[in-house]
Structures are given as structure tokens and as C-alpha cells.
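Sequences are here, hints too, so could you generate the full structure?
Just so you know, the protein sequences line up as chains C and P, in that order. Position 229 of the first sequence, counted from 1, bears residue number 229 in my numbering, the numbering being contiguous throughout. Position 14 of the second sequence, counted from 1, bears residue number 554 in my numbering, the numbering being contiguous throughout.
These aren't lab readings, by the way, just hints derived from the structure by calculation. Small disclaimer: the values here were computed from a predicted structure and weren't measured. Hints are supplied without guarantee of correctness; some may be wrong.
Lysine-lysine pairs mimicking DSS-like chemistry, simulated, CA-CA at most 30 Å apart [unchecked claim]:
id : chain 1 : residue 1 : chain 2 : residue 2
1  : P       : Lys-542   : C       : Lys-43
2  : P       : Lys-855   : C       : Lys-43
3  : C       : Lys-43    : P       : Lys-691
4  : C       : Lys-424   : C       : Lys-530
5  : C       : Lys-513   : C       : Lys-526
6  : C       : Lys-351   : C       : Lys-490
7  : P       : Lys-638   : C       : Lys-43
8  : C       : Lys-14    : P       : Lys-567
9  : P       : Lys-542   : C       : Lys-180
10 : C       : Lys-325   : C       : Lys-422
11 : C       : Lys-513   : C       : Lys-353
12 : P       : Lys-826   : C       : Lys-43
13 : C       : Lys-43    : P       : Lys-593
14 : C       : Lys-43    : P       : Lys-664
15 : P       : Lys-678   : C       : Lys-43
16 : C       : Lys-176   : P       : Lys-593
17 : C       : Lys-283   : C       : Lys-322
18 : C       : Lys-449   : C       : Lys-424
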Amino acid sequence: MLNRRIIMYFRMYKVIIIVVSIVLLIVVLAIIGLNSLESFYRKMTIATLPIQFLLVGTSATIFVLMYSLFLRGGFAKLDKAPIKGRDIDVKWKDVIGMEVAKQEAWEVVQLIRDRARLKAIGGKVIKGILLIGPPGCGKTYLAKAIATEARLPFISMSGSEFVEIFVGVGAARVRKLFKKARNLAFGYGGCIIFLDEIDTVGRARSFSFMGGQETNSTQNQLLAELDGLKEKDINIVVIAATNAPEEALDPALKRPGRLDRMIYITRPNLEDREKTFRYYLSKVTVEESLDIPRLARRAVYKTPADIANLIKESALIATRRKKAKIGQQEISEAFERVELGIKHPLTMTSKEKEMTAYHESGHLIVTYLLHPTDDVFKASIIPRRATLGVVYHTPTEELHTKSKHGFLADIKTALGGYAAEKIKLGVTSSGVSSDFSQAMKKAHVMVWKLGMGDSGLLGDFTVIPKEQLSEEMKRKLNDDTNKVFKKCFKEVEELLNDERVILDRFAKELLEKEELEYDEIEAIFKEYGKSPNKKGANDK
Amino acid sequence: MKRLCLIGLSFSILFSSVGCNEVTYPKATLRESIIKLCRDEYDLNVDVTLSGKTLALYMPLMNLFGATLSLSEEAQDKIQDVILGASRITLSTDADIKFYCIITQDVRIPEIQLVIIKYVDDIKRAFYSDISRGEYFKRTLIDMSENPQAKKEKAITDVLDKMELDQEMRDKVLDDFFRSEPGSLDGIGYWNGKFYIKNITFEEFLAEQIASRIRMRFSEEESLNRYDLKLVTGNFAVKDRFRFFLISFSAESLLFTSTPDERALMEDDIFKNIINEISNVVYGYKFRDFNLVKIEEKNYSTELAVSKEDIYLFKRGKLGINTILSVLN
Chain C
1 MLNRRIIMYF RMYKVIIIVV SIVLLIVVLA IIGLNSLESF YRKMTIATLP IQFLLVGTSA
61 TIFVLMYSLF LRGGFAKLDK APIKGRDIDV KWKDVIGMEV AKQEAWEVVQ LIRDRARLKA
121 IGGKVIKGIL LIGPPGCGKT YLAKAIATEA RLPFISMSGS EFVEIFVGVG AARVRKLFKK
181 ARNLAFGYGG CIIFLDEIDT VGRARSFSFM GGQETNSTQN QLLAELDGLK EKDINIVVIA
241 ATNAPEEALD PALKRPGRLD RMIYITRPNL EDREKTFRYY LSKVTVEESL DIPRLARRAV
301 YKTPADIANL IKESALIATR RKKAKIGQQE ISEAFERVEL GIKHPLTMTS KEKEMTAYHE
361 SGHLIVTYLL HPTDDVFKAS IIPRRATLGV VYHTPTEELH TKSKHGFLAD IKTALGGYAA
421 EKIKLGVTSS GVSSDFSQAM KKAHVMVWKL GMGDSGLLGD FTVIPKEQLS EEMKRKLNDD
481 TNKVFKKCFK EVEELLNDER VILDRFAKEL LEKEELEYDE IEAIFKEYGK SPNKKGANDK
Chain P
541 MKRLCLIGLS FSILFSSVGC NEVTYPKATL RESIIKLCRD EYDLNVDVTL SGKTLALYMP
601 LMNLFGATLS LSEEAQDKIQ DVILGASRIT LSTDADIKFY CIITQDVRIP EIQLVIIKYV
661 DDIKRAFYSD ISRGEYFKRT LIDMSENPQA KKEKAITDVL DKMELDQEMR DKVLDDFFRS
721 EPGSLDGIGY WNGKFYIKNI TFEEFLAEQI ASRIRMRFSE EESLNRYDLK LVTGNFAVKD
781 RFRFFLISFS AESLLFTSTP DERALMEDDI FKNIINEISN VVYGYKFRDF NLVKIEEKNY
841 STELAVSKED IYLFKRGKLG INTILSVLN
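Now the structure itself:
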């Protein structure tokens, strides 16, 4: 193995080794030459050395500057230092929040480790793994953990690093990358190449004459190298990751023998989120009373990176408050910061404040009483980003589809603000603009795309060009959309009229306190004997 | 960056240590080194002696002179070789050598000798291209003349013959009274296996160089040929706390001038050229340890004394030659 490593190092650094050897030889010859000179000439030569070094140094600097300015250090230059598996140090147990993906990845690790056994029984060694999932779910982390467990050198490169304006540069970089990996595999018995954001070079190739040639040639080279791995029987495993949809990638990349093993990494479920919270909270000092399951419930659709960011933010808030431990309040504020943005000081008139308070109370009551899936975590009339107030609600669990009731609940929630303003003040404000836009979009989708209109029109009418749809059909669809909208508004208006006392109460509370937390909201509703109607969006 | 500095430092130390090695020709073995160098590298047999800060080399040659009594080509090559050898040695030794002097004679007529005197700093400056090749040549003192010691011994031998002294007594008288170190550069030579050499001082080297350059100027420049300058000598003297150069000459042409005005014009021209040459020398060496330069024409006993300050002002173009010469007439 030592010989192989020496050969590997020579292969990898042969240019440097040759250059250094030549320089050393020249230095030795120069010293011998100087020593053979008479002392006067020797001193005279040495006396001129500094100025010669200076001149050569200046010339070299100018050359390097010009070279890097115009040639950017050589287009195909690949300055990727490999990292040894043991140096990555991402332990398997550190990968959390993706149990299913971990199980699949573990199989891959076993296959890489037991390569010889697999070959003995005639199995084919895995050459490519494709990690697909939304950003921040730990794809890179998982790849690093695979490298650590497999104890192989790891070269990481992003897809964008292959991209260059000049055709052929990306392909040259791919060749260099695989050449380096082959050398490392020769020396260490294997190598893992991690290609992040593979969609940059791996998206479906276009075969038009209008551009895309560089991406095509880079991807072609990648395909050729992946095939080469199979032919040359070198233990190189390519792990690619993307957050683009699977369909966006070129089918050639995913065919058997290339990146054929796909591992889907989804956002963590409740259990995984809880584990993720526990993991990150174990690295900071927290109050014992912290309700982690509640945090996990609140963090629906949050990725592990989001959760890590939340903890980081809450630690910063606790530090600013000179607190020794992170508490529920800090985490709650961190949620707000991440989700809603930082509070924005804005001077509002009392009339504006009242209108905002009623607007948000309308959203709050409708969400709490009518929304089948969402919990209200906070209501606020402190301006943030571009809003004057907000009702922060999230689903209590991950939902992968949405029923008609869910859509209607979303529309009702959006219209809650408008209805409240109208009931209380008789006039409405521009604050309803985004609510209407949101509600109208949903109603439109329900009718035009999902066949949820009352007139019984079925099908996705958005795929048909509008000029091909008859005026009658368009009128019917628009009528249905309007009906959905109006029906929702009527229900909301009735609800708020019925619960006018609660509406006034919440508005008063908001005007007094400006913000209401989950517990306070719950307490007020309980005071009036109200409980949320959570039967699940798909059951209703 | 740190690595780059380290490499730079290593190279500096490495090359400095190479530079700090011992000198090639140590003082203790200087004589042997020169003899060996000339023998091994130039196939020349030389004799060497050191007088104070002046190194002297004697090189006998078979054909120093050609048929017309001019230097033969073969001799010129050998003289070049020995000059090169002497330069190499004086530059690469720890001995404090300021001047070297090469004496060569034709073994057939040792009464005629060629003496070449060089100032070691001039060699260095020529290496550094601090002075031109032409200037370097002008700074070399070359004198081909009758061997002074031979001349002296020949004259005294006639006297000793008349006194009918035996050989032993003759040698004793000669050794005691006539075979001593010369008092001036004129006396430098080699006769009967003995060096007649002195520790050359910088001042007398400059004085002789001024004379040599005046001779050269008046013989080489066509417009000055007509003045027929003879007996040009340069000396450095100290008298009454005054340190001065004494430049003497006789301009034969002045003897044949028809009118005093014509003579005055000629004198002006001669003195102007001489002052030019003097200023070139003292300014070229930045020599300031003197008070004045005294120039005298012997035929008419015309004398001119120019102070050091005036010489420097003239060289810098801040004093006109006419102002200096105004005292002449």
C-alpha cells in the first residue's frame, strides 16, 4: 500500500515534483558554480542576486497577474484538495432527521466496504448515488457521513464549478476531477466524489443550436466518466445531490450503471424534527422547561438546516438578553425572526392600529375556529417586513395533499381580515390586498384546475389556451370561482358576527399588548368555551 | 506566504554562506599563488614581490620587442595574460593591495624595460562599468624606458673600474649605496634578479597619471601636436604645510614664436588643456587631500598655481578657464 501511495503522490504531483527537482538541481549547480569562482567574482555575483531576484520576482508577479487576469489561472484548473475520509469526521449518528434516507445510505456504505465480497458473488458495485431533496435537508451532510463511514478520500465539487462561458472547459474539469479521483482510488483503495447541485450540469440536455453546448459537453463528459468507472473497475463512487425535481435531470444520468441509486431526502417528519431539535439543543444550554415536542410541532416543513438556524438565532437572542440559558421565549422569537422577519418600527395612527387589530383578530378567529389543519401560534400588530400585522399559523402535521375543505379553509382564513374590518368599521382598507390575491388564487385553482366548482365542471382548464375556451365556459368557470369566494366570505362574516364578543376581545388584547402568544390565545378561547375544530383537512 | 518567506530566507542563507567562504588567494600564500596561477593558466614564469601595498610582478620575455623595437604581438598577448592574472589575484585576496606593477624585460636587452602600474580600485570600477574602457586605459601608467637601475649601475661601474676595486668590494659599494628602494616611480624596475620597487602612494600615482595623460593628450590630439611638449613630469610635494601637485613641461614650440601675443595665445591653449586633464584626474578620483596644483613651463619659466577649489569649480563648470588663466599674462 505504501508503494501505491508513493506512486499515487507522484502521479498527482508529478509536475510539482519535477519542477522542485529541477529547481533544487539548479540551486545545487549554482552553488557548485559559485564555489568554483574566485572570491571577487563570487561576491560580485552574489551581490547582484538580490536585484536579480527582485527583477525576476517583479516579472513573475506581472506574468502571474496577467495570466490570472486574462486566463484565470488556466481554464481547466482544478484546485480541489481531497479530504481523507477520517478527516471529514461526520459520524453516522450525527446525521439526524432522515431515518429512511439513512437506512438506504447505510446499505450503500456496506456495499462500498464489502466491495470484494460483492464482487466475489458476481454483484455489480454501486458507482453512482443520487440524493434528491429540498435544500437544507442534509444531503451534503449525508454524503460526508458516507465518506467517513466508508473511510475513503472525499472530493467535493459543486455543479456550478464546472460552468464556464467557454465550451469545453467544464468537460476538461470533469476529466481532471475524475483523473484525480482515480489517482486517489489507486492510493487509498477508493474515492468518493461528491457533486453538489448536479442539476447545474445534469439538467436535461438541449439539442438546439441556441446555446447549451457547454452544459451538454460537460454532461457528456460526466456520462463518459461514469461509464469509464464501470469499465476500468476502479472503486470510485459518485454521490450527486440536487434539490431540483427528479424530472429536471437528464434521463441519461439516471440510467442503470450511472447515478442509478436514488435516495430521496424529504423534510423531516414530526419524530425526526423532535430528534433534530434534541440534537441541536444538546449543543447549547437550554432551560429544562423547554417543550421540545411543541417546538417540533411548530416547525412543520422545517428542514434540519432551518432548525439549526433557529437554534443559532435563539442563542444569539439569549446572549443579547444576557441570559445563561435558551428558553421558550427566545426560540419563539427566533421562529418569528426567521418566519416573519425582524420587527419594523413604524408609527401608526390609532385608527390604523385599530383597523389592523381587527383585521388580524379576524384572521385569528377564523383560523382557530375553522381551519382544519393549522394551529395559531401568534398574533401581532407590530409591523414586520411589508406587513402591519400578522397571524402566524402553521399546520400541525405534514400534509402532502389538500382537500376541498382545506382550500376553502385557506380562503376563509384569508378573508377573515376583510370581514372583521367590515363588521367593525363598515369600511375596509388596502391591507386586504394580499389576502384577496391569495384567496382568489386558491379559488381559481379550485375551479379551473381541480374541478372543485359547484357547477360540476371537471378538468384542468388552465392547460387549454384561453382563446380555445368558449366564452360560455369561461363565464361558468368564473362564476364558480366567484361563488366559492362569496360563499366563503358569507360563512366568515356569519362566524365573526356570531363571535363578535371574541372579535372585540382579541382586538382589544392586541391593541393593549400588540402581540399574543399561543398560550394567551388558547386561554382567551377557552374563556369563551371555544376549542379548535381540527378534524383534519382530508377528513372533513 | 509563510512558506514563500521561509524558502526565500533559506535561499538567502544558502547563498550568503557560499559568499562568506574564504578568499581564493590568502595573503599568507600570495606569492606562491601568483606564480602558480601564471604558470598553470598562462604558461608564464614570473617573479613576485610585495612592498607595502604594492604588488610587483616581473616577467622576462624572449621576444618583447620586434624588429622595429615595438612590442611584439606575442609579447602583447603575454602582457595581457599577466595583467589579467594580477587583476584576478589582487581582487580575490585578503592582502591589502592598492597597486600592482608589472615589469617586463626582453632577456636579450634587459636594459630596456616596460613597466605597467594599475590602481586596484580602477580595476573594480571597470568591472562594475563605473568607468569606461577608455578611462580605464588612461588610468593605467605605462612606461617603456631604459632600466633606471641598469643605467645607474652602468655609470657607477665606470667609476669603480677606474678605482680598480675587486668584485666583492664593488658589490658591497653597489649594495650599500646604489641598490636601494627607489624614491620615485621613475626608479621602479628589475635588475640582476632584484626588484627595485617602492610602496606607491596614491598622490604620486595621481601625479604621474596627470603627466601621463597630458603626454597622451598632446600626442594624440592633432590640434595639440604642434606644441611639441617635452619632459612632462608629475610629482606630488609637501612644502610649508602645502600639499600640491607639481606638473612641469617644456613646450618647444614656444621658442619659435614670433611675437609675445602669439606666445601668450599658445600658452593659454597649452595651460587650458593641462588644467583640463588635471581636473579630470582629481575629480575622477574625488581626490581632495591637496591644496593646489602648480604648473610650470620650463623654457620661459611660466608658472601657474591653481587652487583645489578652483579646479573643482572649473570641472563643475562654475569657473571659466579664462579666469584661471588671467593671472598668466
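Verification of the supplied hints:
Using a Cα cut-off of 30 Å, the hinted pair Lys-542/P and Lys-43/C holds, with the two alpha carbons roughly 28 Å apart. This hinted pair does not check out: Lys-855/P and Lys-43/C have alpha carbons roughly 34 Å apart, beyond 30 Å. Only pairs whose Cα atoms come within 30 Å are accepted, and Lys-43/C paired with Lys-691/P is rejected, the gap being roughly 45 Å. Restraint check for Lys-424/C and Lys-530/C: the C-alpha separation of about 21 Å stays at or below 30 Å, so the hint holds.
The straight-line distance between the Cα atoms of Lys-513/C and Lys-526/C is roughly 19 Å, inside the 30 Å bound, and the hint therefore holds. In summary, the hint linking Lys-351/C to Lys-490/C is supported, as the alpha carbons are separated by about 26 Å, within the 30 Å threshold. Taken as a hint, the Lys-638/P and Lys-43/C pair is honoured in the structure, with Cα atoms around 19 Å apart against an allowance of 30 Å. Under the criterion of a C-alpha separation no larger than 30 Å, the hint pairing Lys-14/C with Lys-567/P is inconsistent with the structure, at around 50 Å.
Distance restraint check for Lys-542/P and Lys-180/C: the Cα-Cα separation of roughly 27 Å lies within the 30 Å cut-off, and the hinted pair is therefore satisfied. The hinted pair formed by Lys-325/C and Lys-422/C fails the criterion: a straight-line CA distance of about 45 Å is larger than 30 Å. Between Lys-513/C and Lys-353/C the alpha-carbon distance is near 12 Å, which keeps this suggested pair within the 30 Å criterion. For the hint linking Lys-826/P to Lys-43/C, the alpha-carbon distance of about 26 Å falls within 30 Å, and the restraint holds.
Distance hint between Lys-43/C and Lys-593/P is fulfilled; the C-alpha atoms sit about 22 Å from each other, no more than 30 Å. At roughly 12 Å between alpha-carbon atoms, Lys-43/C and Lys-664/P fall within 30 Å of each other, so this suggested pair holds. Restraint check for Lys-678/P and Lys-43/C: satisfied, since their Cα atoms lie roughly 27 Å apart, inside the 30 Å limit. In summary, the hint linking Lys-176/C to Lys-593/P is not supported, as the alpha carbons are separated by about 69 Å, beyond the 30 Å threshold.
Of the pairs offered as hints, the one joining Lys-283/C and Lys-322/C holds, with about 18 Å between alpha carbons and a cut-off of 30 Å not exceeded. Only pairs whose Cα atoms come within 30 Å are accepted, and Lys-449/C paired with Lys-424/C is rejected, the gap being roughly 35 Å.
Checked against the numbered hints given earlier, the structure breaks hints 2, 3, 8, 10, 16, 18 and satisfies all the rest.
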